[in-house]
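If you read the protein sequences in the order shown, they are chains A and B. Residue numbers for the first sequence follow this note's numbering, so the first one is 1 and each next one is one higher. Residue numbers for the second sequence follow this note's numbering, so the first one is 1 and each next one is one higher.
Keep in mind that the hints are not guaranteed to be accurate.
Stated by the list, open to error - For the chain B half of the interface with chain A, some residues (derived, Cβ under 8 Å), not all of them: (1) Gly17; (2) Ala21; (3) Thr77; (4) Gln80.
Claimed, not checked - If you want the ones that stay clear, here's a sample from chain A, every Cβ over 12 Å from chain B, calculated: (5) Lys6; (6) Arg102; (7) Leu290; (8) Thr296; (9) Gly391.
Rather than coming from a laboratory, the hints here were simulated on the basis of the structure. Beta carbons are placed, not taken as given, at the ideal position from N, Cα and C, and that holds for glycine.
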Amino acid sequence: MRAKAKLYPKEAARLLREKPGVREAVTGATLHFERNRLKAYAEVPIEEWRERAKAVKDHVLTHLDHYLELAERRLRENGVQVHWAETPEDAHRVLREVVHRRGVKRAVKAKSMLTEELGVNPLLESLGVEVYETDLGEYLIQLLGEPPSHIVGPAIHLSLGEIQKLFHARFGTPLDASPEALAQVARRVLREAFLSAELGLSGANFLVAETGTLALMENEGNIRLSTSLPKVHVAFVGIEKLLPRFADLALFLPLTARAATGQRLATFVSLIQGPAREGEEGPEEVHVVLVDHGRTALLHDLEAWETLRCLRCGACLNACPVYRQTGGHPYGYVYSGPIGAVLDPGLLGLEEAYPLPYASTLCGACYEACPVKIPIPRLLLTWRHRAAEEGLTPSWEHGAMRAFRKVMESPALYRLFSKGLRGLPLPQDLLPLLRAWTEGRGPLRPSPKPFHELWKEVADGR
Amino acid sequence: MDARTRILARVQRALRGRPKALLPEHPHTPLAEDPVDLLLRRLRENGAEAQRLPREEAKAFAQRLAEGLPGAAFGKTLPQDLRPPLPELPPEEAPLGVSWALFAVAETGSVALSSEDGRKAQLLPPTHLVLVEAKRVYGTLLEALQDLNELPAALGLHSGPSKSADIGQVMVKGVHGPGRLVVVVLE
Ligand code: SF4
Numbered sequence: 001m002r003a004k005a006k007l008y009p010k011e012a013a014r015l016l017r018e019k020p021g022v023r024e025a026v027t028g029a030t031l032h033f034e035r036n037r038l039k040a041y042a043e044v045p046i047e048e049w050r051e052r053a054k055a056v057k058d059h060v061l062t063h064l065d066h067y068l069e070l071a072e073r074r075l076r077e078n079g080v081q082v083h084w085a086e087t088p089e090d091a092h093r094v095l096r097e098v099v100h101r102r103g104v105k106r107a108v109k110a111k112s113m114l115t116e117e118l119g120v121n122p123l124l125e126s127l128g129v130e131v132y133e134t135d136l137g138e139y140l141i142q143l144l145g146e147p148p149s150h151i152v153g154p155a156i157h158l159s160l161g162e163i164q165k166l167f168h169a170r171f172g173t174p175l176d177a178s179p180e181a182l183a184q185v186a187r188r189v190l191r192e193a194f195l196s197a198e199l200g201l202s203g204a205n206f207l208v209a210e211t212g213t214l215a216l217m218e219n220e221g222n223i224r225l226s227t228s229l230p231k232v233h234v235a236f237v238g239i240e241k242l243l244p245r246f247a248d249l250a251l252f253l254p255l256t257a258r259a260a261t262g263q264r265l266a267t268f269v270s271l272i273q274g275p276a277r278e279g280e281e282g283p284e285e286v287h288v289v290l291v292d293h294g295r296t297a298l299l300h301d302l303e304a305w306e307t308l309r310c311l312r313c314g315a316c317l318n319a320c321p322v323y324r325q326t327g328g329h330p331y332g333y334v335y336s337g338p339i340g341a342v343l344d345p346g347l348l349g350l351e352e353a354y355p356l357p358y359a360s361t362l363c364g365a366c367y368e369a370c371p372v373k374i375p376i377p378r379l380l381l382t383w384r385h386r387a388a389e390e391g392l393t394p395s396w397e398h399g400a401m402r403a404f405r406k407v408m409e410s411p412a413l414y415r416l417f418s419k420g421l422r423g424l425p426l427p428q429d430l431l432p433l434l435r436a437w438t439e440g441r442g443p444l445r446p447s448p449k450p451f452h453e454l455w456k457e458v459a460d461g462r
Numbered sequence: 001m002d003a004r005t006r007i008l009a010r011v012q013r014a015l016r017g018r019p020k021a022l023l024p025e026h027p028h029t030p031l032a033e034d035p036v037d038l039l040l041r042r043l044r045e046n047g048a049e050a051q052r053l054p055r056e057e058a059k060a061f062a063q064r065l066a067e068g069l070p071g072a073a074f075g076k077t078l079p080q081d082l083r084p085p086l087p088e089l090p091p092e093e094a095p096l097g098v099s100w101a102l103f104a105v106a107e108t109g110s111v112a113l114s115s116e117d118g119r120k121a122q123l124l125p126p127t128h129l130v131l132v133e134a135k136r137v138y139g140t141l142l143e144a145l146q147d148l149n150e151l152p153a154a155l156g157l158h159s160g161p162s163k164s165a166d167i168g169q170v171m172v173k174g175v176h177g178p179g180r181l182v183v184v185v186l187e
């Protein structure tokens, strides 16, 4: 996927202005996920789980060369063909070879953020392969030609009405068709695809080094079908996805499910050791592509390497008041929300992802939600600091921040300024940030009284 | 130099001189409750139908479930004495799939299905009946995973009916996989 992260403030403002429905749909869906997560966290000793998960991930990352080699060995012993990809081109080569050798005309694909990163769909289409996204949400956005807007719920920005319209135009269903009826249509189309595809594609939630196990989580059954029916299964795995021991899944599967959707476990978990054995049904060939694409550089980064613990559960997106306003599209890359704001600069370079570390209120909700305790607020500051050092932030911002600090540190100055400012008309067009805000909303109006006066009134009235 | 060598070299360079994090032990948290009771409760909470039955009654139960249906698809490892006398249909056409679980996990409300049992019968029919022996019910996922010596080509953990909320946040059952999961624990 081509990154458009640089356009963040503009795109966010445009979306708020042009598609007010997105805000409603995204807020509703994320609040729902968030409530479920809180309930699911409260049921278990979550602090102990998070601490342990963080430790396991840190262990695997600080011994990554060892575990990568172990995983490769085990996968090979299981009959899996292992490939290494530094770049999307390396990954494309593997696919091209499979497509040509097996005469692939049709592929079914399970939802995977890494395949978005690698541009797998455009490649297959250029090779004349018909690709079906089989996760229902992913299928919807494929029909619309849109990128996913959430790591876990790629279509949460769409309302029922929009999907009804889409299916009406595409399949002739009535404009008031029920969600069940729409799902039935998708089920029929995709069932046909499952049964006829020569190739199944997936990512992986985890790769266990000890046993060479690919672990995949889902609720629909499409991943189990994509990895069971076609004769060839190709899985793309980021090198940060490793777990040391098979039994570590007992922590990571439930923890991820609780963080992502508030479930005790995903409805379907696939633990894949290799191709089907003698006399079994299942794929004849299984390929695992171990992908770097910027991850080793991030591992090298002493201030930002912890980002690699990420399980892609989406909990930080659901918790984020900024993400809730627009959903993922304005972030301009595969990974959106708080994790996108710190992962994208790491993967794309700060120059490309410059405004993203600013897309946060630093409220800390993302850190509280994160199952592996990634210090996202601290990482946001790290990237902001670097942006300032590299001269990516406009110079007026430096001066303004210095002045702001002076005023904030002196109560007398603060009172004087807040009173003075209140009298002035707000220069709506002066500051780019204000403009981005007001483009999507009405003009900003200062409160008639400063907060400290209001507070005093409330306190005195008590 | 190939991609593998370059990636591994970069990882080693990144980690040179870095403090190594220790690998924590797995905790032991035994269950306070009878695992079968908990399994049944959790399965129901997950939207499945679940009950325990004496082994002799399982066959009749399956037959009742299949009443009016033209036949079923069967797992390859399903014991003969438990197989209901129904015509066998290919999984693509069968309205019912009957599977034999390798084990079950109480804490998560899951049944574990091996690829040796055959995958299509577990996934394609709209209704899925899974039989599991009471002695194969583990309290926790950790116990179950630690106890597995040999892993099949693929293992599926099923914890409820197939579902999706991707269309306007409304929960729809039976997307792709079975929309109805019925689990019987055999005493
Ligand atoms: S940063 Fe944490 S909360 Fe966000 S997606 Fe990754 S693991 Fe989940």
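So, going through the hints one by one against the coordinates:
no., hint, in the structure
1, Gly17, "violated, 10 Å"
2, Ala21, "holds, 4 Å"
3, Thr77, "violated, 11 Å"
4, Gln80, "violated, 18 Å"
5, Lys6, "holds, 27 Å"
6, Arg102, "holds, 19 Å"
7, Leu290, "violated, 7 Å"
8, Thr296, "violated, 4 Å"
9, Gly391, "holds, 27 Å"
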